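Can you build the whole structure from these sequences, using the hints too?
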Amino acid sequence: MPKLKVDGIEVEVPAGATVLQACEAAGKEIPRFCYHERLSIAGNCRMCLVEVKPGPPKPQASCALPAADNQEVFTTTPMVKHAREGIMEFLLINHPLDCPICDQGGECDLQDQSVAYGRGQSRFGENKRAVTEKYMGPIVKTIMTRCIQCTRCIRFAEEVAGVEEIGAIYRGENMQITSYLEEAVTSELSGNVVDLCPVGALTSKPYAYEARPWELRRTLTIDVMDAVGTNIRLDSRGRQVLRCVPRINEDVNEEWASDKTRHAVDGLVRRRLDQPFVRVNGKLKPASWDEAFAAIAAVDHGGSVAAVAGDLVDCETMYAAKVLLRGLGSSLLEGRQTGMDYDTSSLAAVNFNTTIAGTEEADAILLVGTNLRWEAPLVNTRIRKAIKRGAKVFAVGPETDLTYNAEWLGADLALLGDLPEAVVKAFANAKKPMVIVGGGALKGGHAASLKLVETLGLIKDGWNGFNVLHMAASRMGGLMLGYAAKGGIADLAEAKLAFFLGADEVDFSRFLGFKVFIGHHGDKGAAAADVVLPGASYAEKSGTWVNLEGRVQRGERAVFPPGDAREDWSILRALSDAMRATLPFDSFAGLREAMYAEVPALREQGLVTFDWNPPALDGTASGVLEGYPIKDFYLTNAICRASPTMQRCSAELVHGETFAEAAE
Amino acid sequence: MADAVHIPDEAETRARWGNFAWTDANAEQAKVVLGRYPAGREQSASIPLLDLAQRQVGAETHTQGWLPVPVIEFVARQIGVPYMRVYEVATFYTMFNLAPVGRYHVQVCGTTPCMLAGSDDVLAACKNRGLVKGGTTPDGLFTLTEVECLGTCANAPMVQINDDNYEDLDYDRTVAVLEALAKGETPTPGSTISRRASCPEGGPTTLKAMVDENHDYRGEWGTAHAG
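In order, the protein sequences belong to chains P and V. The numbering of the first sequence is the working numbering, which starts it at 993 and goes up by one. The numbering of the second sequence is the working numbering, which starts it at 85 and goes up by one.
The hints are simulated quantities; they were obtained by calculation from the structure and are not laboratory data. Here the structure is a predicted model, which means the values were calculated and not measured. Treat the hints loosely; a few may be bogus.
Said to hold, decoys possible - Subject to a maximum C-alpha distance of 30 Å in a straight line, what follows is the list of computed BS3-like cross-link-like pairs (lysine-lysine):
1) V:K217 <-> P:K1120
2) V:K217 <-> P:K1126
3) P:K1478 <-> P:K1443
4) P:K1443 <-> P:K1488
5) P:K1488 <-> P:K1277
6) P:K1020 <-> P:K997
Unchecked claim - Here are the computed distance ranges between Cβ atoms for each label pair:
7) V:A281 <-> P:I1001: 56 to 66 Å
8) V:A281 <-> P:E1064: 50 to 60 Å
9) P:K1050 <-> V:A281: 34 to 44 Å
10) P:K1050 <-> V:E263: 47 to 57 Å
11) P:G1402 <-> V:K217: 52 to 62 Å
12) P:V1646 <-> V:A264: 54 to 64 Å
13) V:A183 <-> P:V1646: 29 to 39 Å
14) V:S128 <-> P:K997: 34 to 44 Å
15) V:R139 <-> P:K1380: 34 to 44 Å
16) P:R1030 <-> V:S128: 42 to 52 Å
17) P:M993 <-> V:A183: 32 to 42 Å
18) V:A183 <-> P:E1202: 52 to 62 Å
Claimed, not checked - Here are a few chain V residues that face chain P, going by a calculated C-beta distance under 10 Å:
19) I91
20) V153
21) Y167
22) M168
23) E172
24) A174
25) Y177
26) D248
Backbone N, C-alpha and C define an ideal beta-carbon position, used for all residues, glycine too.
And the structure:
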């Protein structure tokens, strides 16, 4: 624990900390470009120079200098000021003065720091360097003349995303950052380099020239594209969400977000349902709310009513539907759209018990039927961190590129009952072993996976290594609210009246009764419905979501739903009047209170603890896994399917289509 | 200005070099190279293997050799490193040619000491012989590049042609070297004015008494010799 003085302030920092971190601990601001807390230290921008005693009589890069006992650091001396001005002048030699047309303007590190630490004017009269644009894929736009070669993007691609496709070619003044042969970067996390770039060299392609940061209204909410529950900020102007950026939450997403999280937002203004529809003579006809409600109320259901929750809905919507069904005399609830029917008697047995952050500490990991890279990219990055600490990864399932080396055992689930010697040995020696069961294996392998808890010793003191990886943002919340029928969705098929809450991935042909779709996008669900009620997307309602590790998180409304669309709970409230089964709450706050009373775990934000009492399930697993549930990462729900950016990503990165770039 | 030469990666390049593999002799040599580094550090072999590959391409095309992208990828696969990492190395070092060159790659040093000693004449000689900077002569013999310091300043001006240096050049001697090469001869590398390595021109200028036999200078310290 070195003790040192920063500008006369004594601080104590953990061993291994750098001088820059010590300065921050003392409350001093150190300008930097290449240094980033979550990446390795490069030390090449030289902006963080400070004066250190004892040491050579010249400024030193604080990001790469270990803090030591009895050091004296000065951050405001004339030498430091002079050094920073010099560095800034060098950086600006080849940086274009195109801030007025740069998308980074207003949130640019270089802009801010040149105001704070730069000289008043330039002494450079020569020609500036210019570098051609590089193609990096459908997400990242490049204006490489602006690049100051901090190499953050290279380090991110290598260390976090695990795709070593970005690099620096040539040298000296000719050094250029590029993707390999200027091909698209094949990462689900490529959008993060846009946030990392301290200048405007890498900017967001879909968001290019859309808005200035100071025009935007920022709303803190939760992402619904996967079950990780990425903490996001939606930036909107007027009625449109213009972009989505991650917020820092060390327990969930650190400060990353997948490309789907970031760029599906342009789907929020396309293919929207903005008025009710009623099917007349086989065709959906626009209708008023009253007509739509009347059509539903006219159904003679006799208590045979079902509700299917889609992947994106919030707990409040599911709860309102549950209470409505209860009023109508039914409890046919299901959220597992694709027909899964795993046992849900104990939620701990279907939860990600290790927690997302805990994954980093694991030292032996077995993946069962899960393509983490697509099912939860931000859990995958945690596994990469665990590997860096020395974890060994085994995988059961069809071989796929996970961005790291896993030992593939085979695709036959029967392996779970008869694991190879190497796996058993690795787990026997492991202090923190974990198994992750994906959606691909839950169907036939849940029981066999639970048996691994005993055979591999997954539960230790203060450690639960049994994990189920869900893919839907609504799943854990739905299970807590009872959206799970014993036989899965097959139990609901007979219902005379079925509500689909944004459920688009259901096999609608199995439902023979009257179908009501309450959702926001005109996708498969709306096409199959008899009545369509326009609802709100995740950006247009406040709500509660529970992520795959059982973390209760709440998001706020960023914009209003388009046209006649309404927030889902208020639709259900109004419909309940028409069906003469009035819901017992009149406000959102009332709904939440009722929901908390019924499921107290939803009241407090944060991790819910589920007691470990796994069900005794019979059966051994068998059968070869043919593939993984997600066939196309970029098109998993109605919002992505409506998003031109996601369609382009899918065509280019998944299906290998090539797009000619317009000549510039 | 900052953009370097176009790196060929067209279908023809892929078709011609996509099946690149070591010759038997080079496969042995590659094993020797890889054997120099401990397991898990195969990336260290990037430079020697790229050099080996460039020489093999040179032998196959009867030129100094270059590194087509598929060959760079071949080397990357051999050492189990992402393509980008090896590509970075290949673009960093000027000794690796990223586009085809001629039989003789004439690298004329134009840095200050050579320039002061007359590298302009050397370049003029090359130019009058039909060599164009950055290009290859139509007969495929010579590629001319102007490079920065090659560390032979004592023997300036100099050119590096493939693996050999030719030093102490002037206009005529440069022409002579090029003519000899064009005829298929191999002029003696090193100084073209027959001095040994970088010894002073016209014999030693200091310690002259040491030339023939060992001489003890200590008795003369502090005497008129110092002046």
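Against the structure, the hints:
no.	hint	in the structure
1	V:K217 <-> P:K1120	24 Å, holds
2	V:K217 <-> P:K1126	27 Å, holds
3	P:K1478 <-> P:K1443	21 Å, holds
4	P:K1443 <-> P:K1488	39 Å, violated
5	P:K1488 <-> P:K1277	22 Å, holds
6	P:K1020 <-> P:K997	12 Å, holds
7	V:A281 <-> P:I1001: 56 to 66 Å	60 Å, holds
8	V:A281 <-> P:E1064: 50 to 60 Å	51 Å, holds
9	P:K1050 <-> V:A281: 34 to 44 Å	38 Å, holds
10	P:K1050 <-> V:E263: 47 to 57 Å	53 Å, holds
11	P:G1402 <-> V:K217: 52 to 62 Å	59 Å, holds
12	P:V1646 <-> V:A264: 54 to 64 Å	59 Å, holds
13	V:A183 <-> P:V1646: 29 to 39 Å	34 Å, holds
14	V:S128 <-> P:K997: 34 to 44 Å	42 Å, holds
15	V:R139 <-> P:K1380: 34 to 44 Å	37 Å, holds
16	P:R1030 <-> V:S128: 42 to 52 Å	28 Å, violated
17	P:M993 <-> V:A183: 32 to 42 Å	56 Å, violated
18	V:A183 <-> P:E1202: 52 to 62 Å	40 Å, violated
19	I91	8 Å, holds
20	V153	7 Å, holds
21	Y167	5 Å, holds
22	M168	4 Å, holds
23	E172	5 Å, holds
24	A174	9 Å, holds
25	Y177	8 Å, holds
26	D248	25 Å, violated
The structure does not agree with the numbered hints 4, 16, 17, 18 and 26 stated previously, though it agrees with the rest.
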